Amino acid sequence: MTDTQIPARIELVTKPRRSDQFFRFVVTTGGMSSLIILGLIFAFLAYRGLGVLRVEGFGFLTNSDWSVVEDENSNIVSQDYGLAAMLVGTILSATIAVLVGVPIAVLSALFLEFYAGRKIRNILIGLIDLMAAFPSILFGLWGFMVLMPSAEYWAKLLNKYFGWIPVFDVPVPFFTRSPFIAGLVLAIMIIPICTSISREVFSQTPLDRIQAAYALGATRFSMIRAVVLPFGRGGIVGGAMLGLGRAMGETVAVYTVLNVVYQVNWQVLFGAGGNIATLIILKFGEADREEINALMAAGLVLFLLTLVVNGVANILVSRLGKVGR
Amino acid sequence: MSTTTIKPGRPWEPTAKERSQKGLNLLIAVALSLVLLFVTGLNGKLGWVAAFFFSYVSVSFIAEYRRAGKPAAQDSLLTSISRFAIFLAIIPIVSILATVISKGWRGLHWGLFTQDMSEATVNSPIQEGGMLAAIVGTLIMVGLALLFTLPIAILTALYLTEIKGKFARPIRFLVQAMSGVPSIVAGLFILSSIVYPVTGERSGLMGALALSILMIPTVARTAEEVLLLIPNDLREAGLALGATQWRTVAMVVVPAVKSGLVTAIILGIARVIGETAPILLVSGGGDATNFNPVSGPMGSIPFYVWNAFLLGGSEESTQRTWAGLLVLLLWVLILFTIARYISSRSQKR
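Just so you know, the sequences run in chain order A and B.
Under the numbering used here, the first sequence is numbered contiguously, ending at residue 325.
Under the numbering used here, the second sequence is numbered contiguously, ending at residue 1349.
Derived by calculation from the structure, the hints in this document are not laboratory data.
Computed from a prediction, not measured in an experiment: that's the story for all the values here.
Not one of these hints is a red herring.
Below are the DSSO-like pairs computed for lysine-lysine, each with C-alpha atoms no more than 27 angstroms apart in a straight line:
hint, chain 1, residue 1, chain 2, residue 2
1, B, K1022, B, K1070
2, A, K156, B, K1045
3, A, K160, B, K1045
4, A, K15, B, K1164
To spell it out: a stretch of chain A is covered by chain B in this simulated footprint if at least three of its residues, at any positions, have a beta carbon under 8 angstroms from a beta carbon of chain B; those stretches are:
hint, segment
5, 12–22
6, 31–42
7, 124–131
8, 147–155
9, 244–255
10, 300–311
All C-beta atoms in this analysis are idealised placements derived from N, C-alpha and C, irrespective of residue type, glycine included.
Work the whole structure out from these sequences, hints included.
See the structure below:
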C-alpha cells in the first residue's frame, strides 16, 4: 500500500494579472472621456461667459436687446446683451420642424414597417439612411435655391386663408426667408433620424401581439392603433425630441434660408428671425473680446438646452425596452 | 371516375374587379384634383400634388366605405396617408440629388483638383482657380480628427462592452448626449479652451479637434453596436484557453469586429466631412493650399462652398457653389456606399 501524498494546498488567486489591471485602467480612463469632454465644454463656456452672465443676470434670457454702442474712437460706450429674441427664434423654428417633420416621419416609418414590400422597403430605407448622412450645408443651399420659391408660395397661401390667426399674420407682406421656411428645411433634415428611430421602435413590437390582433379580425389600421402605437409611444416622443435637439442646434442650414434679424418675431410667415447658432456665426466676425464672451454665454445656453432635450429623448427611447410584456 | 384537379388559387391577391376599382379611384381622384385646381386658387405642380392628395384620400375613403364599411375605410385612410408621407419624405432627397448633379457637373473641370483659390476670386471665370486648398484641408483635418477620435471612441466602446463597469449606463447616456452637441458649440469650445488662451491662432489642427468632438459619439456608438454582436462564446473561449482579458480582447474580440470598426470609422468621417460651422469658427478657412496643420488658416470643402455662396452673386460663383457641393456629395456617396457594402457583406457571413 502506497501512501498517496496529498498535494499542498494551492491558493486560488482571483487577483488579475498586472497586464489586465493596466488594460482595465486604460480602457476605463478612455471610457470616461465623454464625461470629461462634456464637463470641459461646460466649464470653458461658463468660464468665458460668466462675466457677461453676471452683469446681465437673468435678463440675459429675457431681455431682447443685443447691442454694442461705440463712440467715434470706437471705444465702447455701452453694451447690452439679451438673448430672448434668438431664444424665441430657436424654439419657434425647431417647433415648426417637429410639427411638420415628425408626422411625416412616423407615417413613413409605419409605411416602411407594415405596408411596403421587401424590395421597395430596402431601397427606401437606403435612401433615407443616405439622407441622414447628407451634410447640413447641402440642405441649406438646396433649401435656399430650390425649396424657398415653392415654400414662399405655400406661405402666401397660408397667410391668405389663415391670416386671421395671429401666428400666420404678417405686418408687412414679406415672405422670403421666414422662420416658416427655416422650419421646413429643418423638418426635412430631421425626417431621416425620426424615421429610423420610429422604424426601429415599431420593429420591436412583439410579433405575437400583432398576430393576435390580426387573428381577432383587426384591419391593419386597427392593429396599428391598438398594438403598435401604444407600444411605440415613448419611442416616437423620444425620436421627436431627438429631432428637436438637432433642429435647435443647426447653424448653416438656418443661416442660408433665414433672414437673421435681431428682433422677437412670433409671426412665422414674416421674413425675420434667427436662432442662437446663427447669432454666433453672424456676430462672430466683427465681435470684440467682450461680445465674444457674450457669444460664449449664448453658446452655453444652447449647449444646456440641447443637452436637456437630448437627455430626456434618450431616456424615453431607451426606457422602451422595459415597458409592456 | 374522373379526377378533379384543384387549381391553386391566390385568394389574398386582388381580383380583376378590385384592381379595376382601384384604377377607377385613381382616375376619379385625378379628375377631382384638376377640378379642385380650377375652382380654388391653387396653381403649379405643388398645388396639384396637394389637390391630388386630398382628392385621392377622400375618393378611396368613400369607395372603401361603400364596399366594406367604416373599418375598411379607416384602413384605407391610413394606407393612403402613409403612402403620401413616404412620398413627401423621399421628394427632398431625390430633388437634392437631381439638383446638385444637374447644376454641379457644369462647373467640374480638371483644374478644380490642381489649382487653389489664392489667385482667383469666387467671381472670376470658372476655369481659374479650384478646390485644391479645400480638398487638401479637408483631408488633413478629417485625417487628424480620425487620429484623435479613434483611440477615445474605441476605448469608450470597449469600456461599455468588455469592462461593463458600474459607470457603463451613465457613460452610454453621456455618449448619446454628446452626439447631440451642436457643431457650433464644439467650435466655440475649441475657441475658448485652446485658440484664445494657448495658440492665439486659428489653424487646421484646431479644426480637427473640433471635428473630433463631433466624431467621437458616432464612432463610439457604432463600434459598441458591432462589439455587442460578438457572441460571448468567443470571449469565454479565449479566457478558457488561459488568456488574460487583455489578450482576449486584443487577439480575439477586436480582430473579429475589424470590418465593423471600419464601418464605424467611415460613418464617423461621413458625419464630419460636411461640417461647416466649426470650420468657420476655428480653422480660419484660407484660399491658399496649406499643408501645415499647426499654423496658418486652412480651408475645407464646405468652407469653399460657403464662401462661393456668400461672397458671390455672379453666374460663376453659383457654378462654383454647385460644383463644390457636387464634390462634397460624391465624397459622402462614396463613403456611404463603402459602409453599406462592408456591413452587408459581414451580415451574409
